[in-house]
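Residue numbers (the working numbering), protein chains in the order written: chain A, 1 to 254; chain B, 1 to 254; chain C, 1 to 254; chain D, 1 to 254; chain E, 1 to 254; chain F, 1 to 254.
Be a bit skeptical, because a hint or two may be false.
Where chains are identical, the list cannot tell them apart; a pair therefore holds if satisfied intra-copy or between any two copies.
[Stated by the list, open to error] The calculated BS3-like cross-link candidates involving lysine-lysine, where the alpha carbons are at most 30 Å apart (straight line), are:
(1) K104 with K142
(2) K201 with K55
(3) K252 with K55
(4) K252 with K142
(5) K201 with K49
(6) K252 with K104
(7) K252 with K201
(8) K142 with K55
(9) K201 with K225
If you're looking for bench data, these hints aren't it; they were derived computationally from the structure.
Here's the letter readout for the chains.
Protein chains: 6
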Amino acid sequence: MKFTMAHTNINVLDLDRSLAFYKAALGLDVVRRVFELLDAEVTVRPLVKDGALVKAGDIIAEIAGPSRSILTGERTALNLLQHMSGVATRTMEAVQAVSGTDTKIVDTRKTMPGLRVLDKHAVRCGGGSNHRFNLSDGVLIKDNHISASGGIAEAVARARDGCPHTLKIEIEAETPAQVSEALAAGADIIMLDNMQLAEMKDAVGFINGRALTEASGNMGERDLKAVAETGVDYISIGALTHSVKALDISLKFS
Amino acid sequence: MKFTMAHTNINVLDLDRSLAFYKAALGLDVVRRVFELLDAEVTVRPLVKDGALVKAGDIIAEIAGPSRSILTGERTALNLLQHMSGVATRTMEAVQAVSGTDTKIVDTRKTMPGLRVLDKHAVRCGGGSNHRFNLSDGVLIKDNHISASGGIAEAVARARDGCPHTLKIEIEAETPAQVSEALAAGADIIMLDNMQLAEMKDAVGFINGRALTEASGNMGERDLKAVAETGVDYISIGALTHSVKALDISLKFS
Amino acid sequence: MKFTMAHTNINVLDLDRSLAFYKAALGLDVVRRVFELLDAEVTVRPLVKDGALVKAGDIIAEIAGPSRSILTGERTALNLLQHMSGVATRTMEAVQAVSGTDTKIVDTRKTMPGLRVLDKHAVRCGGGSNHRFNLSDGVLIKDNHISASGGIAEAVARARDGCPHTLKIEIEAETPAQVSEALAAGADIIMLDNMQLAEMKDAVGFINGRALTEASGNMGERDLKAVAETGVDYISIGALTHSVKALDISLKFS
Amino acid sequence: MKFTMAHTNINVLDLDRSLAFYKAALGLDVVRRVFELLDAEVTVRPLVKDGALVKAGDIIAEIAGPSRSILTGERTALNLLQHMSGVATRTMEAVQAVSGTDTKIVDTRKTMPGLRVLDKHAVRCGGGSNHRFNLSDGVLIKDNHISASGGIAEAVARARDGCPHTLKIEIEAETPAQVSEALAAGADIIMLDNMQLAEMKDAVGFINGRALTEASGNMGERDLKAVAETGVDYISIGALTHSVKALDISLKFS
Amino acid sequence: MKFTMAHTNINVLDLDRSLAFYKAALGLDVVRRVFELLDAEVTVRPLVKDGALVKAGDIIAEIAGPSRSILTGERTALNLLQHMSGVATRTMEAVQAVSGTDTKIVDTRKTMPGLRVLDKHAVRCGGGSNHRFNLSDGVLIKDNHISASGGIAEAVARARDGCPHTLKIEIEAETPAQVSEALAAGADIIMLDNMQLAEMKDAVGFINGRALTEASGNMGERDLKAVAETGVDYISIGALTHSVKALDISLKFS
Amino acid sequence: MKFTMAHTNINVLDLDRSLAFYKAALGLDVVRRVFELLDAEVTVRPLVKDGALVKAGDIIAEIAGPSRSILTGERTALNLLQHMSGVATRTMEAVQAVSGTDTKIVDTRKTMPGLRVLDKHAVRCGGGSNHRFNLSDGVLIKDNHISASGGIAEAVARARDGCPHTLKIEIEAETPAQVSEALAAGADIIMLDNMQLAEMKDAVGFINGRALTEASGNMGERDLKAVAETGVDYISIGALTHSVKALDISLKFS
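Between the sequences and the hints, there should be enough to build the whole structure, so can you do that?
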C-alpha cells in the first residue's frame, strides 16, 4: 500500500503567520528510522530535501509497505516531523529577521527532553547555528555559578582548572560592571543578558573584539533586527525550541 | 545551598495572552525525580500543588543541596517543568472557553515523542481529560484504516475480531453519509472530523445519543465555544500538546 | 548443517490426553527470531502454519546453518515453542468444549511474566480470543477495587473520571445483588465470578443483554459446556496460560 | 490499606492431587521486589518461609501500603508466586517419590524463558538440586553435538580444548555401546537417555562409579521410584519447570 | 574513502621487548563491529587472521566508507584492537617461556571491567587457555571463602550442596598442610598459591595426579620456565590481562 | 563479616619501579558503588583519600557486610581499583618528571573502552589534566581529517561552520610548514606531533604565544623533562591510560 505525506491546511496557519512558505521537509531521515524500527519492508521516499521550503499542498514523501506497519508508525513519525519542521520554520523566521547583519542566530539547551539532537538539527536546517549541546562542550558561567563560586574570578579559575583546555569560557553579564569584570577574568565569550538596546550597544563597543558577544534573555519576544544592529556576534533564542508551533502535516492513503 | 524556582517575566508573556494567572505549578514531582537521579542529597520542596494557579513572581519551589548537582540538573528540570506548565495553561484556556457546556476537552496522541505520560498528566492538571494513550487502549478507525480495510464495515469487523472486548470502537466520519454508516456499523464513538458548525450540529442531532460524539480537526484554531454548543460530548485538540508555549520559569540562587 | 524439529513421543502424551492431534506449530516466528538474534546465517523454514494441527512424528520446521549457532539457540527456541504450543493446545480443548454455543473462550492476565504477548498470541492460535493485555486497555473493577474505593458506585465514578472514554468498564459480581448493583452503575461488562450454574443462568437472564457477561473463577477446573449453556458471552480461563503442559518437540540433526 | 495473600480453593486442587499440603510460600522475596519497583511505600511481611508447606486457607503474607500501588502490582506478583509455588510443589512430589534412595532430583534448562533463575530457585525450595544454568557452566555433549562433531571422541576433544578446566564433561548415551564409548572418552558424567529400566540398571553396574550417572528422557512421565532403584545418581526432569500447575493464591483486602 | 591500519613504530617498542614479531592482528571482528554500529556503509577487510604474527609496518586491514564515519569510529576501534593485541602478545611471550613442558598458561578473572569476553578471546589467540569466565562456571575456594565458611571441609560441603554437579571444585592452598587437607576434602583442582619453587615441586609430587594442579600468585613477575618445571598442570597469570602494554597501531588515509 | 583492602607485595613491584610510594587509594567511590549495586548492607569505609600516596602494607579501606556479597563483588571492585591506581601512579611519574617547568601533563582518548570517565578521573588524581572527553568537546584536526577535507584551510572552515562557537580548534602539525599553516588558519591550539626536540623548540619559539602548544606522539617513551623544556604548554600521553601496570591490591578477611 502507498501513502503520501503532505503539508496541509495552509490557510489555517496563514491566519497567524505572515509567511508564504515553510520549512516543512525537515526530519525525513527520522521518519525513515521510525518505520525501519517497526518493519523493514516499509520504504520512505522523500520528495524534498531536509531544510527545503514547502508550501501548502506540497507532497513531501511517499511511504510504501504493509499498511498495518505504516498505520502503526504514522503518529510517531508525524509527531517528530511536525515538531522538527516547526523548529526549522521558527528558526528561519529569526534568521530572516537579522538578514543584512553579521549576527548569527543560535539555539540554547532549552530543548524538548530526549529530543535535543533532533531539535538542534532542525535549527541548523532552518539556517541557525548550534550553541553547546551539553554541559561538557562549553563552559558557560551564569549568575548562579558566580554566586555558588563566590565571584567571577573564582568561577573562572575553577573552570580553567577542571575543564579540558579545548573549551572556551563564556561568562554571563547583566551590567557594564560585570562586562568589564568578565573581560578582565579572561572570558572568551561574554553573554549580554537581558540588556536594553543602548546598554548592549555600549557593551559591544567596550569589548571591541576582545571577546565574542552573545545577546540573550527572552530573545523570542524581542525585535531581533534591532538587537543584531548593536553589533553582537550571536543571538541565542530559547523559544526556537521550547515554544514551537508544529507544522500541519498529514499522511494520506493514495 | 538553596535555590528557588519562580515564574518570571510576566509582563513579557502578558503581551500576547489575556490571562492574569497561569498553570505553572505543574510537574513538581518530575522536577524532584530529575534531582533524585542526579544526587540523593538534593531536596525539592514544592510551595504550590500540581495544577495550582500561579502569577508572575510566585515562588513555586525551594531546592536545597550541593550546588554542583543543582546546577547540573537545572536545565533538564526546567525544560520539563516549563513545557508541562505550558501544556496545562493551554488546556486551562480551552476548558475555560467551553465552560457552561457539557463538552469535555480531551487531548490526542500528538504529544512530544518520549513525553506522552507527562504531556497527558499536564492536560489533566489543566482540567482536561485524556483520550487513549496508545494504539492498544482504544480502537480509532480513521480514513486511512477504512481505505486500507476496504470499507467501514470491514474495518469494524476486523477490529471486533482482533481486539479485546473491553475496548470501545471509534470511527472517524467527515460527512453525514459516513456518520450514518458508522452508526450502522455499531460504532461506540463517532469522531466528527473537520466539519463546519452546522454540519456538526446536524450530526449530533441525528446520532441522538446512540453513540458518543467527538469533534476533531485543527480544533486548536477553532472557536471552541461554538463547537461545544453543537452538543458534541468531546473536543479533541492536538495543539494542547504539539504547539505549546513554554511557561517562563527560572531557578535563582537565594 | 541441517536440523528438523518434530513433535515426538506422542504415545507418552496420549496417556493423559484424549486428543489425536495437537496444536504444535505455534510460535515458528518466535523460533526464527531466536536464531536471527544469534546468527544471521541460520535459516528457519516452517513446514506448517501457525495454529495448524500436528500429530506425533510430524516435522514442523527445518533449520539450517552453522551447527554451533543452532545448538546454542536450540533450548531457548524449543522452550518458547513447546510452551506456546501447550497454550494453543489447551485453548483448543476449551474452544472445542463449548462448540455449538455462542460463548467465546478468552484468556486473562495470568500469563508467564515476560511472555504475555506470546501467551496471548498462542491463545488466538488455539481459537480463543484475548481479554485485555494490561491495566490500561480495559477497566476491570474487582472486589479489592470496590473495597478500596468504598463501593461500586464510587469505583465506577473514579474509573470514568480517570480513564480514556475509549475504554469499557467491567465489574466483578459474586451475587445477584452485586449483579444488579453493577448494572445500575452502568457497567458495560459484568463478570460473574465463582457462581454456581443455576445462579449464573439467572444472572444472564436478569441482565438480558443490557451488558456483556463473562464467567470467571477457576474455569480451568469447570465443565465448560455447562457454563456456556448458561448463555454467558465469554468464559475467561487463567489456566490457559498459567497451568500449561508443554508440547514435546525435539530438534534432530538430519 | 492492608491485604493478605492466601492459598485458596484447596478442594478444587484436591480433585486431582493426592497431597494434603503444598509448597506455597515460595517466592516471597520476588513478591517484595515487584512492589518495591512500583512504590517504596508498600511493605510485604511474609508469614511463612520460602519452601514451607502450606495448606488451603493459610495466609502466607501481609501487604500494606497505598491500595493503588498494591492493585497495580497484584497480578505480576501473583503470576510469579503461583508459578514458582507450582514448580516447588511439583519438585517436592518428585523428591518424595524417590525418598529412601540416594538419587537426587535435578532440573534442566527447560525453564520459562526469562525466569530461569526463579525456576531454579523454586526447584531448590522444593528439595531438588540444580543442573547447569546455561551453556557455560557445564559441558553436555548430546546426540546433535556428536553428529555435528563427527563422533564422541572428537566432541570430547573439542570440549576439552575450548572450555575452562573447571568444568566437568557430561555425555549423553542411549545404548550400552555408547555408554562404553563415553566412559572410554573420559566422561565425568554419563546421561542415560530414554533407557528401559533393565538397560539402565545394567549401565549403572557397568559404569560402577567410574563416572556419575544421570537418568533422563521424559522423566516427568516415568515411575521415579523404579528409576531411582536402578542406582542412578541423578534424575533430571524437564517437566519440573516446563509443565507446571500454578498454585491457587489470592490477594484479599482485609 | 579508504584507510589502512598498520602496526607502526616498531623501533620504539623494540627498546623494551626482545621480540621480533607481535600478535597484532587480534580483534579484527571487533573492529568490524565498531564500524557496523556506526554506519552500515563502512567495510573492513582484514589482511591477516586473528592471532597471526605481525611485524612493524605490516598492514593488517583496509577500511573503506564515508570518511566521517571512519574517523568517528577510529579511536574506539583502535583502543580495542591495541589492547587486545597487547594481551595476545603478552600471552604469547608466556606460552613461549614454558615451551617444551606440558604446562598450560591460563588467564584469570583480573580482566578489564566490561571487556572480559574480549580479553579472554585475546588470551586464546595468544596461545593460552581460559580459566573460568565468572563465578558460575567453576568453584574456586580461596582463603577468604575458607575463613568465611569456617574451614576447608565446610567450604567444600557448601559448594557441593549449592552448585550444579557439572562443576569441578578448586581449592587454594598455600602450605603443604593445606594441600593435604584440600586433597582429603575431595578437591578436583588444587591451586598452589604463592609457593617457592621447591615447595611447589614437593606439592606436585605429593598430589601425584589425584587432582589437577595450578600455580598462582604474581606469576607475571616469576620465572615461568622454572615454575613449569615443577610439573604443575596450569600457571594462571593475572598480568596477562591487567597489566598490558597496548600494541602501537595506526589508521592512515591512503 | 569484615575485610580489609591492602596494597601488598611491594617488594615485587620494587624490582622494576624506582618509586617508594604509589598512588593506590584511587577509586574508592567506585569500589563502594560496586558493592552498593550488589547488596545495600555492605559498607565501605575508606581509610585514605582519593589520590593519596600509599606504600606497601597500607590498609586503604575496610569493608563490612554479608560475606557472600563481599566475595561476589571482590573481583570487580579490585579490577577497577587496581587499574585506576595504576593509571594514577603512571600519571604521577609523568608529572614528577616535568616538575620545575610550566608544562602540564594531559591524557588522550586512548582509554579502556567503557572506562573513559574512570580513567580520566584517575589521571586527575595522579596530578594530570584532562584533554577532551569525546569528539564533541573539542575540535582536533588531524592528518586524516586534513586529507579527508582537502587541506588545513578547508578542514578549519568546516569545523567552524559545524561546531558550537564554544569550542577551540586544535590542529596537528608535523613540520614547520604545517605549524605555520595552522597558525594562519586560526588554530587555537597547535599539536606538535612526533617532532624532534630541536624542531619542537623552534616551533614553540615561532608560535610565540599566538596559540597554545601540545607535544604528542609516543610521549610514553620519551624523555618528558627534555620535551617540557622546549616550552610546550601541554604534553599528551596515551600510555597513561592504554599501557598501565595494575597496582597490586588484595582483599583480606580480618
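Hints versus structure:
Taking the shortest alpha-carbon separations for K104 and K142, both the intra-copy value of 21 Å and the inter-copy value of 28 Å come in at or below 30 Å. Taking the shortest Cα distances, K201 and K55 never come within 30 Å of each other, neither inside one copy (38 Å) nor across copies (33 Å). With identical chains, the CA atoms of K252 and K55 are at most 30 Å apart within one copy only, with a shortest distance of 17 Å there and 43 Å across copies. Taking the shortest Cα distances, K252 and K142 sit within 30 Å of each other only across copies (11 Å), while inside one copy they are farther apart (48 Å).
With identical chains, the CA atoms of K201 and K49 are never at most 30 Å apart, being 39 Å at best within one copy and 43 Å at best between copies. Taking the shortest Cα distances, K252 and K104 sit within 30 Å of each other only across copies (28 Å), while inside one copy they are farther apart (38 Å). Proximity of K252 and K201 under a CA criterion of 30 Å is satisfied inter-copy only: 27 Å between copies versus 51 Å inside one chain copy. For the homomeric pair K142 and K55, the shortest alpha-carbon distance between copies (25 Å) is at most 30 Å, but the shortest distance inside one copy (41 Å) is not.
Taking identical chains as interchangeable, the C-alpha atoms of K201 and K225 lie at most 30 Å apart only when both belong to the same chain, with a minimum of 13 Å there against 48 Å between chains.
The structure shown violates the earlier hints numbered 2 and 5.
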